[in-house]
Every structure is written in C-alpha cells, then in structure tokens.
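Line by line, the protein sequences are chains A and B.
The letter at position 86 of the first sequence is residue 86 when you use my numbering, and the numbering goes up by one with no holes.
The letter at position 190 of the second sequence is residue 190 when you use my numbering, and the numbering goes up by one with no holes.
Don't read these hints as lab results, they were simulated from the structure.
The model shown is predicted, which means the values in this text are computed figures rather than measured ones.
Virtual Cβ for every residue (Gly too), placed ideally from N, Cα, C.
Check the hints yourself; a few may be wrong.
Unchecked claim - Subject to a maximum C-alpha distance of 25 Å in a straight line, what follows is the list of computed DMTMM-like cross-link-like pairs (lysine to aspartate or glutamate):
id, chain 1, residue 1, chain 2, residue 2
1, B, K173, A, D241
2, B, K180, A, E36
3, A, K87, A, E162
4, A, K156, B, D112
Unchecked claim - Not close to chain A: a few residues of chain B, all C-beta gaps over 12 Å, as computed:
id, residue
5, V12
6, H13
7, L40
8, E43
9, D44
10, N55
11, T63
12, N71
13, I130
14, E156
15, R161
16, P167
17, A174
18, L184
19, E196
20, Q205
What follows is each chain in one-letter form.
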Amino acid sequence: SSTYCSSSRPSLTGTYTSLGLQQEREKTYILVDSREISSGLEVISSLRAVQGLQVEVCPLNGCDYIVSNRMVVERKSQSEMLNSISKNKLIEQIQHLQSMFERICVIVEKDREKTGDTSRIFRRTKTYDSLLTSLTGAGIRILFSSCQEETAELLKELSLLEQRKHVGIHVPTAVKSSQCEALQFYLSIPNISYITALNMCHQFSSVRKMVNSSPQEISMCAQVTHQKAEEIYTYIHYVFDTQMLPSDMKQETKI
Amino acid sequence: MEGNAPEGTGAVHVPFGYVVASEKWRGSQLAQEIQGKIKLVFEDGVAPVDFYLSNRAGILYITEADLVAGNSYRKRLVRVRNSSNLKGIVIVEKTPMSEQYFPAIQKFTVLDLGMVLLPVASQLEASCLIVQLVQEQAKEPSKNPFLRKKRTLLSEPYLLRTVQQIPGVGKVKASLLLQKFPTLQQLGNASIPELEPVVGQAVAQQIHAFFTQAR
Chain A
1 SSTYCSSSRP
11 SLTGTYTSLG
21 LQQEREKTYI
31 LVDSREISSG
41 LEVISSLRAV
51 QGLQVEVCPL
61 NGCDYIVSNR
71 MVVERKSQSE
81 MLNSISKNKL
91 IEQIQHLQSM
101 FERICVIVEK
111 DREKTGDTSR
121 IFRRTKTYDS
131 LLTSLTGAGI
141 RILFSSCQEE
151 TAELLKELSL
161 LEQRKHVGIH
171 VPTAVKSSQC
181 EALQFYLSIP
191 NISYITALNM
201 CHQFSSVRKM
211 VNSSPQEISM
221 CAQVTHQKAE
231 EIYTYIHYVF
241 DTQMLPSDMK
251 QETKI
Chain B
1 MEGNAPEGTG
11 AVHVPFGYVV
21 ASEKWRGSQL
31 AQEIQGKIKL
41 VFEDGVAPVD
51 FYLSNRAGIL
61 YITEADLVAG
71 NSYRKRLVRV
81 RNSSNLKGIV
91 IVEKTPMSEQ
101 YFPAIQKFTV
111 LDLGMVLLPV
121 ASQLEASCLI
131 VQLVQEQAKE
141 PSKNPFLRKK
151 RTLLSEPYLL
161 RTVQQIPGVG
171 KVKASLLLQK
181 FPTLQQLGNA
191 SIPELEPVVG
201 QAVAQQIHAF
211 FTQAR
C-alpha cells in the first residue's frame, strides 16, 4: 500500500506519535453531512455502534462523508448510477468534490427492497458501465455495498486506512463560538473543504496569523497538498478590482 | 507449472485498438462477445493477466468458481500488483452463489492492494464492460468528465463574500474595505486607525478583534 503514501504532503504525525495506538484509534473521526440523517440513518447509527469511531454530523454542503484530511466519500444508490437522467447531476457533483478533495471514493449501494416489492431486477445499462470506467480512468475509487450497514463498515475501513497513512482527522470537530466566526471565514475561501477549514481554525492561533502565512505554513497547518496551499495563498494575496465584479454585483455594492 | 512461469507481466505488446487475451479464453462466451466488437488476439503465457487492454493495463478475471473455491486468486492479484509497470483491473463474477465472498475480495483488492474492482453478474456483462474499458482507454483524457481541466474562477465575487464573514461587515462595508485594502492580507494587517475612516470606530474594532483574537 506504499504507493498511496503521498510524498509531497507534510505531516503532523510527530505530534501524535506520543499517543498510544489504541488512543489514536479512539480519536478516529468521521464527518457526516447533516443531509445523511434523512437518507442514511442506518449508516450513521452503524458507524456509531462501531467502537472507537467518533461520528460528527456537520453541515458539509454536499459532501456525504469526510473520512480523512484529504478524502471524501460519496454514497450513491445503484439506481442513480443506472439512470442516464441522473448522470449529469452526478458528474457535476463529483467535479465539485474534485475541486476540494485530493481523493474521492464512491460507494455504490444497492437500493433497499421495499416490503411487497417483487425483487427489483438489476439491469445493467451502458450509462452504468460508462460511469464506472470514467471514474476508474480518473483514479476515483469505487466500492460496492449491499446495504447501509455494509456501507458503514466500508467507511470505517477507509478511515482506518487513511489513519494508517497519517492523514486521519485529529482536530476536535466541535468549535467554540469565537472559532465559529473564523470557521465561516475560512469556509468562504473557494474550493476549500470543511475539514481543511476546521484544521485552519485549530492550527492557526489567529486569522491574522493565517493571512500572513507562507504556502509551506498553510500546507502544514491546513493539512493540504502544496498545490492547494499555493491556491489558498494566491487567494489571500489576490488584488481586488471592483471593475472585475459581475455588473449586477457592482450595482449592489455601489454607494 | 504456473509457479515456474517467467514474470511475464508488462512484457506483452498490444497493438492499438486490440485486446490481447490469454489462450485459455479461446472459444469462451466472453471472448466471443468481445470479438463481435473489438479485435482480439490470443497469446500463450500472458498469465497471470487474462486480458491486456494496453501494454500497461490488464484485466484479471475472477470467476464465480475461483471465488467460491477459496483465496487462491489472491496470489495472482499480488503478482500483478507487484509489477511496477502494469495497472491491474479486477473483474469478478458476483452471482447469488458467490455474493457472500464478495466483501472479502473487495476489501483485499481495493483497500489492501489499492487495485480497481468491478463486479459483473455474467460473462455477457463482463464483455460489455471490457469493451467500455477499451473505449475509455482509447479516447482522449479530456473526454473524461472527471479529468477535464478546471475553469479558473474570478476571485472578486468570492473575496466580497469572504470579507462579509467578518462580524459587523455586510455587502456595502465589504466593498468599501476591499477598495481601501485590496487583498485579504492587507485587510488582516490593518490597524484600528487605518480601518476607522472606512467603517467607523465600532466596526473597526470588531474587524481588528476578529483578525487578532487568539482562538
């Protein structure tokens, strides 16, 4: 599994080696989008039942599960993958995730059979095959699950795997009210994930410290690749020009 | 015998638009279905790979029987995984009979080895999938929606929104602030006296506190 250890990523592991392995395991967090409460309740309760996992429900804005500092997991029902009508929506969704995360995993979950439903026949479509091959071609991982409980098991495996690669989530997910404002500020940076903003909240002593950081410091504290850190750095140093605003926004802000 | 076979992985030449198949697939339903759509060449001694899509990508086909029989398929997977110049895609027959063994092979293939795993219900389904994989390989990367270059976004609207996250700052003040302090870094380093003429005393203090407050 050594090929998956990214060499360009700085590591905060030194901070955590003092903790015993058991303790480190207990600190494994999974962030769950609040929308999943309605669609994946059994996934969440299974995750909670799995010992040693900290499940935090957060407003993740379209990311189903965040299992590490760099990996997002999208849970898709098999019927959505089969249907050509939902294809474009799915593509857009994945592209959105690609702008924020280094690694993406799609869990294709079998649809729940309703009682009385004479077992729905799975008819493989060209859309389904082409989605699978495009995802594979782009290095996006795909896992197959037969039910919500199995999905939870796979999420646990993924987060433990990421943990072993030293990219596990270690910051507390709860934010104090004073941090809340900073979190919202960081979240408004384009193409930034919830976990990256959370890392910034906990690793920078103040927002001023963050805006004065070098790309290396951003990479270290926010736990992102150097490329992503450069992107954030460029945004902080971007010179605002009112003329570049879309015309409708210009009028709104004119006095 | 198979154990003595030379490490042939990656040494196979695959002409463009062809698929090279292991001799053992000759006459099978899978080979026949593929042959209807793509040119197939049979070759001896390409094991452990079943089908080569290109010089660098190969398919390992795990049948229902392989899966039910035990873990012997693992050795094959590991051999391909360890060859540095070959990307292995594992296609597995997931049927009512072999379904119960699927989670174990998925965990081993995807999570332990980091290889791609795609389940099929039959050789017929596998043939369609393999054809699709060949087409995916042949087309330009930019045709893959997940490999398309990102458009560079205009930062101005985002900056306006970011500055509005500072307590006490709405649309109007955000714009005024950015006109005076055109980068987030300059705004973050502004002193209260510098901020005051733009937003007034109270908000100037709020902004300063937001940036300097220890969290």
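Hint check results:
no., hint, in the structure
1, B:K173 with A:D241, "15 Å, holds"
2, B:K180 with A:E36, "43 Å, violated"
3, A:K87 with A:E162, "29 Å, violated"
4, A:K156 with B:D112, "14 Å, holds"
5, V12, "21 Å, holds"
6, H13, "22 Å, holds"
7, L40, "19 Å, holds"
8, E43, "24 Å, holds"
9, D44, "28 Å, holds"
10, N55, "17 Å, holds"
11, T63, "18 Å, holds"
12, N71, "18 Å, holds"
13, I130, "10 Å, violated"
14, E156, "5 Å, violated"
15, R161, "5 Å, violated"
16, P167, "6 Å, violated"
17, A174, "7 Å, violated"
18, L184, "5 Å, violated"
19, E196, "18 Å, holds"
20, Q205, "14 Å, holds"
Comparing the model with each earlier hint shows violations of hints 2, 3, 13, 14, 15, 16, 17, 18; every other hint is respected.
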